[in-house]
Amino acid sequence: MRVGIIGSGTMGRAHAAGWAQTDAEVVGIATVDCGTGEALSAEYSWPCYDSFEAILPEVDVVDLCTPTHLHYAMVMAAARAGKHIMCEKPIALTVAEGKEMIATCRAAGVRLFIAMVVRFFPEFQAAHRSIAAGQVGAPGVIRLTRASYRPQRALDDWFMDPVKSGGMMIDLMIHDFDQARWLAGSDVERVYARSVTTEHPDIPEDHALVILRFRNGAMAHVEGSWAYPKPMFNYKIEVAGDNGLIEFDNTISIPILFHKHQTAAEGVSDVALASSPLTVDPWAVEVMHFWDALTHDKPFAVTPEDALAALQIALAARESARTGQPVALEPLEVA
Amino acid sequence: MMRMGIMSAAHVHTASYAASLKAAPGVTLLGLADDDAARGRAFAAAHGTRFYDSYAALLADKPHGVVICSENTRHREMAEMAAQAGAHVICEKPLATTLADGRAMIQACRDAGVNLMTAFPMRFHPAAVAVKASLDRGEMGAIRCCNCTNQGRNPDNLRPWFTQKALSGGGAAIDHIVHVADLLRWYMGAEVVEVYAEIDNLFYKGEIDVDSAGLVMMTFDNGVFASLDCSWSRPRFYPIWGNVKIDLICARGLLRTEYFIQNLKVYRGDTKQLELQSWASNADQVMVDEFVASIREGRAPAVTGEDGLEAAEVTLAAYRSAETHQPVRLPLA
Numbered sequence: 001m002r003v004g005i006i007g008s009g010t011m012g013r014a015h016a017a018g019w020a021q022t023d024a025e026v027v028g029i030a031t032v033d034c035g036t037g038e039a040l041s042a043e044y045s046w047p048c049y050d051s052f053e054a055i056l057p058e059v060d061v062v063d064l065c066t067p068t069h070l071h072y073a074m075v076m077a078a079a080r081a082g083k084h085i086m087c088e089k090p091i092a093l094t095v096a097e098g099k100e101m102i103a104t105c106r107a108a109g110v111r112l113f114i115a116m117v118v119r120f121f122p123e124f125q126a127a128h129r130s131i132a133a134g135q136v137g138a139p140g141v142i143r144l145t146r147a148s149y150r151p152q153r154a155l156d157d158w159f160m161d162p163v164k165s166g167g168m169m170i171d172l173m174i175h176d177f178d179q180a181r182w183l184a185g186s187d188v189e190r191v192y193a194r195s196v197t198t199e200h201p202d203i204p205e206d207h208a209l210v211i212l213r214f215r216n217g218a219m220a221h222v223e224g225s226w227a228y229p230k231p232m233f234n235y236k237i238e239v240a241g242d243n244g245l246i247e248f249d250n251t252i253s254i255p256i257l258f259h260k261h262q263t264a265a266e267g268v269s270d271v272a273l274a275s276s277p278l279t280v281d282p283w284a285v286e287v288m289h290f291w292d293a294l295t296h297d298k299p300f301a302v303t304p305e306d307a308l309a310a311l312q313i314a315l316a317a318r319e320s321a322r323t324g325q326p327v328a329l330e331p332l333e334v335a
Numbered sequence: 001m002m003r004m005g006i007m008s009a010a011h012v013h014t015a016s017y018a019a020s021l022k023a024a025p026g027v028t029l030l031g032l033a034d035d036d037a038a039r040g041r042a043f044a045a046a047h048g049t050r051f052y053d054s055y056a057a058l059l060a061d062k063p064h065g066v067v068i069c070s071e072n073t074r075h076r077e078m079a080e081m082a083a084q085a086g087a088h089v090i091c092e093k094p095l096a097t098t099l100a101d102g103r104a105m106i107q108a109c110r111d112a113g114v115n116l117m118t119a120f121p122m123r124f125h126p127a128a129v130a131v132k133a134s135l136d137r138g139e140m141g142a143i144r145c146c147n148c149t150n151q152g153r154n155p156d157n158l159r160p161w162f163t164q165k166a167l168s169g170g171g172a173a174i175d176h177i178v179h180v181a182d183l184l185r186w187y188m189g190a191e192v193v194e195v196y197a198e199i200d201n202l203f204y205k206g207e208i209d210v211d212s213a214g215l216v217m218m219t220f221d222n223g224v225f226a227s228l229d230c231s232w233s234r235p236r237f238y239p240i241w242g243n244v245k246i247d248l249i250c251a252r253g254l255l256r257t258e259y260f261i262q263n264l265k266v267y268r269g270d271t272k273q274l275e276l277q278s279w280a281s282n283a284d285q286v287m288v289d290e291f292v293a294s295i296r297e298g299r300a301p302a303v304t305g306e307d308g309l310e311a312a313e314v315t316l317a318a319y320r321s322a323e324t325h326q327p328v329r330l331p332l333a
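Heads up: the protein sequence lines correspond to chains A and B, in order. This note's numbering numbers the first residue of the first sequence as 1 and each following residue consecutively. This note's numbering numbers the first residue of the second sequence as 1 and each following residue consecutively.
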């Protein structure tokens, strides 16, 4: 099967490194402008296509590393063209679109994988394994934090446009809404959220605190932020069970620390990405998982329905923050 | 010499307050009264002080002030007795478990012309004092929101009444919300106007009849919101009692505070246990000194009964919200 990568931004780059570690035939990278795109395709000696439409007929599988507002149209087009799809998170910007994407892929007989990469981070997998093994009892209160600085892209600053990204509560916090649901082992019943803009009056919120209540009785506190000073990126996991406790903080699990004398200001990456020294980085693990499941007809570790459920929680949180009222969630049904 | 007494040894903090009273210059600890004679006698013997078999007997010795360390729901009767005897009062938190009790305590002390101080030692913690000074200087800019935890072990193995609702008034929420609610009120000079909460017993199902898990969101009259995890979610074998952590997300960045992190990690060979052993300053001593100074100087204490009642009201609103699944406005009707 021939694979085409669409998009050459932060995620296109991360996925490309993963694809290079598979036996897949990468046909090329499609990108709307061939600035960084050319550099990326050249790095791997893959051809550069100047549009999604141009690469689509050449491939059996698309990897959509495009801004969120493009996911719906691209997934629908790829599905109708009979292509298997890996698509960056969030699945879409509305639950209705997400449902339609899943239903269309199902009807077209193509497989859809939403890249919820945090499912492939070993610390989160270890937490899930510990819970599943009964080491801490039934989860009672789950606490997740993902706090970093404002992503800033030189070319198209789509993260900052809530019409394109959904804003921080959708783009960033969706990871931990998914994790909370996964670690709790339950769907969400009720969402209450507050959000604020700390220093970027041009965006609706850059810090939010969300309280989730699950159908199985567990509760979760989820914190998301684009308001931390550069270059901070702090993510934390806490699962308090009725027979034990899991604690994790990325800032105290760092095997290598550079404490350098101050020199001229050094560059900080445009978009904060979690990183810890690993033999294979989580984005590559994710790409390899997708490829393995696709080529060997195995189930995906995270389903589009999971991705949709996370989106539903994120949208409810944004709504609750807007209205100041708790939001009750309806069970999700995909036609 | 200023004479001080202790009313009841029910609370786990009694020992620290007794030690602080004994160490306070110019103060004589008359002794401790307790209607649980076995408990009171054992405490008095262990701390080298006199045991009174009734509160009336202690009050008859005319203490200038008393420390109330009874079970939560009995604070009112103790405070009213003390006030009627003309003794100034410092009362363990939460001040009261109902608004009526809290108001009655404030009124009784006002009528008697004695001070009523709520025992919020966090206000005297050197890190909290430093945070307050920094906020007042404005170096981080305005606070936008706060992410707080005051998580602990279930204390009922130390004192069973903590999980007996008739004596405690509730579980983790009533035990823990007041500390952070008071600290944030003090930091910002703002009052809580709305509370949302999820509260339940998730950690000791079938064992206790009070709540052990709680997530609370408070909104203040300056628009700032603050979440608080007040759960008894540290396992019984956790190496320290718990924590108070407050992240203040401010206009100029993040002010991250953790108040009980001044510990040694001790892997004990004698018990085969890991313990986090504190080497922090004794905030209880500073608090007791302030109580004594307020009496000596004939002024209101730095933390009042009204402060205790405001924080208690936040807790009561949280319980109400958890029942109705709706935000609850303050003041409560």
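The hints are simulated quantities; they were obtained by calculation from the structure and are not laboratory data. Among the hints, a few may not be true.
Stated by the list, open to error - Dumping the calculated DSSO-like pairs for lysine-lysine here, alpha-carbon to alpha-carbon at most 30 Å: (1) B:K245 with B:K132; (2) B:K62 with A:K236; (3) A:K260 with B:K265.
As the list claims (entries may be wrong) - Here are some chain A residues pointing at chain B (derived, C-beta under 7 Å): (4) H221; (5) E223; (6) S276.
What the hints assert, rightly or not - According to the in silico footprint, chain A covers these stretches of chain B (three or more CB under 8 Å from chain A): (7) 109-123; (8) 197-210; (9) 321-329.
Here the structure is a predicted model, which means the values were calculated and not measured. Just so you know, even glycine gets a beta-carbon here, dropped at the ideal spot from N, CA and C.
Where does the structure disagree with the numbered hints, that is, which hint numbers, in rising order? As far as the earlier hints go, 2, 6 and 7 are violated by this structure, in ascending order.
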